[in-house]
Amino acid sequence: MGISEADLIALWTTLKLAVVSTLALLVLCTPLAWWLARTRSPYKVVVEALVALPLVLPPTVMGFYLLVLLGPHGAVGRFFEALGLGHLAFTFTGLVIGSMLFSLPFVVQPLQNAFAIAGGRVLEVAATLRASPLDRFFTLVLPLAQRGFLTASVLSFAHTLGEFGMILMIGGNIPGRTQVASIAIYNHVEAMDYSSAHGLSLILVASSFILLISVFTLNRRFKVVNLA
Amino acid sequence: MGISEADLIALWTTLKLAVVSTLALLVLCTPLAWWLARTRSPYKVVVEALVALPLVLPPTVMGFYLLVLLGPHGAVGRFFEALGLGHLAFTFTGLVIGSMLFSLPFVVQPLQNAFAIAGGRVLEVAATLRASPLDRFFTLVLPLAQRGFLTASVLSFAHTLGEFGMILMIGGNIPGRTQVASIAIYNHVEAMDYSSAHGLSLILVASSFILLISVFTLNRRFKVVNLA
Amino acid sequence: AELRIAVAANFNGTMQQLAPLFEKQTGHKLLLSSGSSGAFYAQIQNGAPFDVFFSADSKRPELLAEQGLALAETVFIYAQGIPVLWSTNSKLVDDQGAVLKTNKYRNLGIAHPENAPYGLAAQEVLTEMGIWDKLNADKKIIRAQNIGQAYSQAASGAVELGFVALSQIMHPEVKGKGSYWIPSAASYSPILQKAAVLETATDKALAKDFLAFVRSPEAAEIIKSVGYGLPNN
Amino acid sequence: MLNLDFKIDRGEFSLAAQLELPSQGVTALFGRSGSGKTTLLRCIAGLEKTAQGSLSFDGETWQTERFFLPLHQRPIGYVFQEASLFPHLKVLANLTYGYRRIPKEQRKLQPEEVIKLLGIEELLGRYPDELSGGQRQRVAIGRALLTSPQLLLMDEPMASLDATSKAEILPFLEKLRDQLELPIIYVSHAIEEVTRLADHLVLLEAGKVIAEGELQDLLTDPSLPFIQTETASTVLRAVVKQPDTGDGLTELKLGNQALFISKTSVSAGQPVRVRVMARDLVLALTPPTETSLLNCLTAWVLDIQPDPNPSQALVRIEVADQILLARVSKRSVENLKLKERQLVYALIKGVALG
Amino acid sequence: MLNLDFKIDRGEFSLAAQLELPSQGVTALFGRSGSGKTTLLRCIAGLEKTAQGSLSFDGETWQTERFFLPLHQRPIGYVFQEASLFPHLKVLANLTYGYRRIPKEQRKLQPEEVIKLLGIEELLGRYPDELSGGQRQRVAIGRALLTSPQLLLMDEPMASLDATSKAEILPFLEKLRDQLELPIIYVSHAIEEVTRLADHLVLLEAGKVIAEGELQDLLTDPSLPFIQTETASTVLRAVVKQPDTGDGLTELKLGNQALFISKTSVSAGQPVRVRVMARDLVLALTPPTETSLLNCLTAWVLDIQPDPNPSQALVRIEVADQILLARVSKRSVENLKLKERQLVYALIKGVALG
Ligand SMILES: Nc1ncnc2c1ncn2[C@@H]1O[C@H](COP(=O)(O)OP(=O)(O)OP(=O)(O)O)[C@@H](O)[C@H]1O
Ligand SMILES: Nc1ncnc2c1ncn2[C@@H]1O[C@H](COP(=O)(O)OP(=O)(O)OP(=O)(O)O)[C@@H](O)[C@H]1O
Ligand code: MOO
Ligand SMILES: [Mg+2]
Ligand SMILES: [Mg+2]
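Chains as they are written, first to last, in my numbering: chain A, 1 to 228; chain B, 1 to 228; chain C, 1 to 233; chain D, 1 to 354; chain E, 1 to 354.
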């Protein structure tokens, strides 16, 4: 049956969602991961465990709880309504929040590992060379933690592409706004429209494959830094 | 309404599934990740991209394709039937295979990153100290890649706990065999038995939380090795 | 013996009331798997170990029978779904459904029309009222994967108005909460939920016995009481 | 003036150092492996987070109980004991990392001259893991110098350098010390480096300062271990009388005696330091003739110290109010019947100075 | 016998070395920073994967075009230029890592003695990042020794060690060399270490072997750079005549002349090596009297070489068929009217030998 216009819109929404939530996660998780990598606080383990928790609930169930939280009766929803922005359920923003929560551990953990290693001596050296903490972070930690960022981005991006249960629940599957490719494919399967399902899957897989290959190839062109 | 016996069985199945597939993944992905971390083969990027691919398809859809593959008409299913073992769809083994495929990137990527760093000079030193390649791997690479293993285990374990769409599809939600906690919770929600859903969610989240805290706490007691 | 039953999620609650009765009467054990009809269909095509299939629609059991995967002579309507427009807000829905044409709500939840019969019914009702296209253009329609999810969304309050199943709001936990309207049966194609014994059934006689039990007046009483219709077939 | 007072307690090892170091010239930190040299240097740089204490440099406070000037605001250059280059940057980017971070008007050294001096022109495009050990260390030295620091901290910067490289870099450090008036704190266990560069010496043992003062005084102090080593030596202060006497020798004035060395590029009237190893001194009762010994100084025996080597003795002699050490065999002490206050001729091979 | 023939091409740097090294005694690899010393040592160990070539040790083939004996099966001990301890293991576990991997009967050295010798008893329970630079290097040396290797490869093992530590470790290496007959290949740019330890010398420059041979021959070869350095020196072979002459001196026989040194713990008849620095030699036309110079050898001038320092000259003299270098000022050459084949007296301070 091939690919309908709605499917293409869904693909576009998917891409947007994956990019936005991955970028937002990278920005937000960088300080968190840095803190986790450095701190000796006894609460560290609690935070570490909390980060992984969103994973253990089934996405739909998680989505349901999120829906309650972001909806008009939930704390977050009420807060946003009070701001005059409306509650977040069934909005793209809501989707982004949901996806981020769900991909959180895939970003925090690789970054934390990378930061744990990219620290130490070179940071001391840089400090004696007049680099401020922020300067050190951007000129040393980031490039040295490069593989961690790559892993975080790939995992978060791919996971968001395929995420489904939670998105369905808090997104509401509104074409052009919150209908994403994964849901569209699923609908095709349920509707026994296998040829559309195969077609859309193929597009998703093939384009992801090409994207991933490009990313990994690009990564190879950087200097491989072995800190050991 | 509380927790029924079926729920407890589902919890047990979940635990078994998460443990078995995580362990199996760790064993299988270790050589793969090691290869990826060391090779200069041009195919490396292809393999890296392939590893991340299972993520981009919605779990149910992936489950659908797996079902076709592992079922009586699929190549893998036919192969196992020919061996007299029966096809793998709707069996615990099938679930394990599915979960492993789905958590593959969460194990390979952190291990690969850890291995990329835990190599180099110390391995050369160990070789001059009479350690065979295998010996070096166990006495140096493994301990030095410890955080990578921790991350891989946590992500894979938690992800399997929450995984749902794929398990539903290839498992068939058969109580006592392929019904896992995530599906049980989902069923409770669908059946509007919210108190059971909340109860089971709470058990799952709380026990995961305790487990994660213990793991992270244990990890702190090891020597933190900063290779930089 | 053990009878393995695949039951559409929307009927799972009802089945859990029926099952103990049958088990007590016959001493056999029922193993219930709940899920989406679409998934069951795909699974049965791929060797799922079920004896009986209770679908949420009529199409899938018939297709299975055509493909020789279900026993054609056993296909029958075990329940008829009744869609209702429901809101957790007890003042929102009037007994004419007129609220649908107003601007008093932000969104309207339905099950997905393409793969959930309740969704199709909702679409038909809205088309009949002449507001389907406008609602879509306004992006007010929230599509749930299935009727169960449609209910969850409405129950959370995030969806203000939703087409759900009567059986859902008759549930003891929900009964009497909110406001609802039942559209006229003429405005949508009937939601006929069919069941069938599968070709793979190990004990076909037992499976047939169970279907007979579901047809029994005793069972019919329960089915009706939870909010389904029952046409005579 | 560098005033410091630090305490660190690491259980088995604890450091306690209270020092007033001159803020010009080279101060050497000397001590055995594990005595706390690196630790003290790190305290000064602000790298030891657990250090309790205070530090001020030229009147500016860098650290007190309550105040801590962040590392990157201290105008120091630090050469670490391990080169610790940035692995993801090429040599040139490593070199200019600090250079690019200081205001233009503070840049007293330019990359070109430092690169040339260190002989690393061909390495600029390489990554650190493509360098040899000594090459890495030279890059690390250059990187620290290019921040044009006001205080240079060097932790055994020459340990992995060959004699030729050392011989090229040392004069440059001397130039920095003298022309830029850059104070240097220098950790080393190579006594030749120390005697050549240092004006001031701090001797550490197990985390304690056991001696501190002018290089000359400490080197000849019989209570310190320096005179007990094979390389025992002294440093003489002299003034250039005639930079070139025609045959490549330079004539120095030591009090009213003459001393010939082969050092070039000095000008008349310039004060210089010459190092004399104890074992390079020959004592004689009469000035010898017909030998290749150019220098013959009149001296008085101060005292005779025991030597770790039982067959030897250390004779401290005074020349023009300065102390010199001579290591001679006990047999010679007897043969010559050396005793305190006696007049002797100290014969020094011109070439042994430098 | 260690036969090796290696080629490596890294673009800007390429190594080509074909050598036959004795499988006893110490062979020093000497050369400037970046000349390829580490690279060559890594080739021998089997660490340079890109190296083309062949290697055999005592008749056993370790590498050919087609064959490659895995590293961990080569009976070597390797001390890396950087200590490279295992960061997750404590010092004791680091030390015994290799020890535990060799069969009991091959363990010629025991942890206790090595630990004691290296003075690291108190560090056994620490992690590597809690050690000072020199402490790390001592552990690395111990770790390599404890594999009781049949060939010891050391890449500047002493670079970060203080004189006292060196003075403790060097005699131990000498003992290993002599008593265990352990051949050592030793990279160093400290000429004193080389002259003290090495029997054989390989001189590298830009990846090429520019000279190779007996230490003595190379040190005095006028075409090699050794005589051009400040530390130019020679090694004399002599035999002990009288271990203790009463006042702590040892009398050696050099041909039919006597030489007094302060070395102890030797026995009569034992062959020994004494190092004489060019600048420690004084030449005289008549034997001097009344000085602290104990040794006065009769010698013939071989030739007079130019010195890098324009005011100096290097006089090669022959004593008992061995060559000695004397660095004297040109002025002295003139004053004494030195010329080839002339008889001179070589005055050596007894204490300058060792
Ligand atoms: N992180 C640490 N934890 C515990 N002890 C340490 C730590 N770092 C250094 N030490 C100990 O502190 C002492 C002083 O170390 P420091 O590095 O200052 O010595 P050093 O004088 O520089 O020696 P070297 O010449 O070997 O470099 C040593 O005994 C060392 O073992
Ligand atoms: N991985 C590499 N890639 C490219 N060039 C390299 C690499 N490793 C070393 N080199 C170059 O090879 C040459 C020889 O290096 P090597 O480490 O053998 O020198 P070395 O003689 O040990 O010097 P040092 O005394 O400084 O340790 C140097 O010029 C160095 O820059
Ligand atoms: O299968 Mo469902 O139960 O509503 O579509
Ligand atoms: Mg140190
Ligand atoms: Mg080297």
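These are computed hints drawn from the structure, not numbers from a lab.
Any given hint could turn out to be false.
Claimed, not checked - Just some of the chain C residues that point at chain A, by a computed CB distance under 7 Å:
{"#": "1", "residue": "E114"}
{"#": "2", "residue": "K134"}
{"#": "3", "residue": "A137"}
{"#": "4", "residue": "S152"}
{"#": "5", "residue": "S156"}
{"#": "6", "residue": "G157"}
{"#": "7", "residue": "H171"}
{"#": "8", "residue": "K175"}
{"#": "9", "residue": "S187"}
{"#": "10", "residue": "S189"}
{"#": "11", "residue": "P190"}
Said to hold, decoys possible - Pair ranges (Cβ atoms, derived):
{"#": "12", "chain 1": "D", "residue 1": "P310", "chain 2": "E", "residue 2": "Q106", "range": "57 to 65 Å"}
{"#": "13", "chain 1": "D", "residue 1": "K116", "chain 2": "A", "residue 2": "R220", "range": "31 to 39 Å"}
{"#": "14", "chain 1": "D", "residue 1": "G269", "chain 2": "E", "residue 2": "G246", "range": "26 to 34 Å"}
{"#": "15", "chain 1": "D", "residue 1": "L180", "chain 2": "E", "residue 2": "T231", "range": "24 to 32 Å"}
{"#": "16", "chain 1": "E", "residue 1": "T289", "chain 2": "D", "residue 2": "E214", "range": "34 to 42 Å"}
{"#": "17", "chain 1": "C", "residue 1": "Q67", "chain 2": "A", "residue 2": "R220", "range": "18 to 26 Å"}
{"#": "18", "chain 1": "D", "residue 1": "E205", "chain 2": "E", "residue 2": "F67", "range": "31 to 39 Å"}
{"#": "19", "chain 1": "E", "residue 1": "N256", "chain 2": "D", "residue 2": "P310", "range": "23 to 31 Å"}
{"#": "20", "chain 1": "E", "residue 1": "Q106", "chain 2": "D", "residue 2": "L180", "range": "44 to 52 Å"}
{"#": "21", "chain 1": "A", "residue 1": "V27", "chain 2": "D", "residue 2": "F13", "range": "51 to 59 Å"}
{"#": "22", "chain 1": "D", "residue 1": "P70", "chain 2": "E", "residue 2": "F67", "range": "42 to 50 Å"}
{"#": "23", "chain 1": "D", "residue 1": "E214", "chain 2": "E", "residue 2": "L170", "range": "43 to 51 Å"}
{"#": "24", "chain 1": "D", "residue 1": "G213", "chain 2": "E", "residue 2": "E230", "range": "25 to 33 Å"}
The beta-carbon is built from N, C-alpha and C at its ideal position, and this holds for glycine as well.
Hints and how they fare:
For E114(C), the shortest C-beta to C-beta distance to chain A is roughly 4 Å, which falls under 7 Å, so the interface hint holds. Below 7 Å, beta-carbon pairs count as interface contacts, and K134(C) has none with chain A, the closest being about 15 Å; its hint is therefore violated. The beta carbon of A137(C) is not positioned within 7 Å of any beta carbon in chain A (closest approach about 11 Å), and the interface hint is therefore violated. Residue-level restraint check for S152(C) holds (minimum Cβ-Cβ distance to chain A is 6 Å; threshold 7 Å).
Proximity of S156(C) to chain A holds as hinted, the smallest CB-CB distance being about 5 Å (cut-off 7 Å). With 7 Å as the threshold, the beta carbon of G157(C) comes within range of chain A, its nearest partner Cβ sitting at about 5 Å, so the hint holds. Interface restraint check for H171(C): the shortest CB-CB distance to chain A comes to about 16 Å, outside 7 Å, so the restraint is violated. Given the 7 Å rule on beta carbons, the hint for K175(C) is violated: about 20 Å separates it from the nearest Cβ of chain A.
The beta carbon of S187(C) comes no nearer than 23 Å to any beta carbon in chain A, farther than 7 Å, and the hint placing it at the interface is violated. With its C-beta approaching chain A no nearer than about 16 Å, S189(C) sits outside the 7 Å limit, and its interface hint is violated. Hint status for P190(C) relative to chain A: violated, with the closest Cβ pair at about 19 Å, above 7 Å. With their beta carbons about 40 Å apart, P310(D) and Q106(E) fall outside the hinted range of 57 to 65 Å.
For the pair K116(D) and R220(A), the beta carbons lie near 35 Å from each other, so the given range of 31 to 39 Å is met. Range check, G269(D) to G246(E): Cβ separation about 51 Å, and the 26 to 34 Å hint is violated. Checking the proposed 24 to 32 Å range against L180(D) and T231(E) shows it holds: the Cβ atoms sit about 30 Å from each other. The supplied range of 34 to 42 Å is met by T289(E) and E214(D), whose beta-carbon atoms lie about 38 Å from each other.
In this structure the supplied range 18 to 26 Å is violated for Q67(C) paired with R220(A), their Cβ-Cβ distance being about 49 Å. Roughly 53 Å separates the CB atoms of E205(D) and F67(E), a value that falls outside the hinted 31 to 39 Å. Distance hint check for N256(E) and P310(D): the Cβ-Cβ separation is about 28 Å, which falls inside the suggested range of 23 to 31 Å. Under the hint 44 to 52 Å, the C-beta atoms of Q106(E) and L180(D), about 57 Å apart, miss the expected range.
The supplied range of 51 to 59 Å is broken by V27(A) and F13(D), whose beta-carbon atoms lie about 43 Å from each other. For the hinted restraint 42 to 50 Å between P70(D) and F67(E), the CB-CB distance of approximately 58 Å leaves it violated. Our hint of 43 to 51 Å for E214(D) and L170(E) is violated, since their Cβ atoms are close to 32 Å apart. Checked against the given bound of 25 to 33 Å, the beta carbons of G213(D) and E230(E), roughly 28 Å apart, stay inside it.
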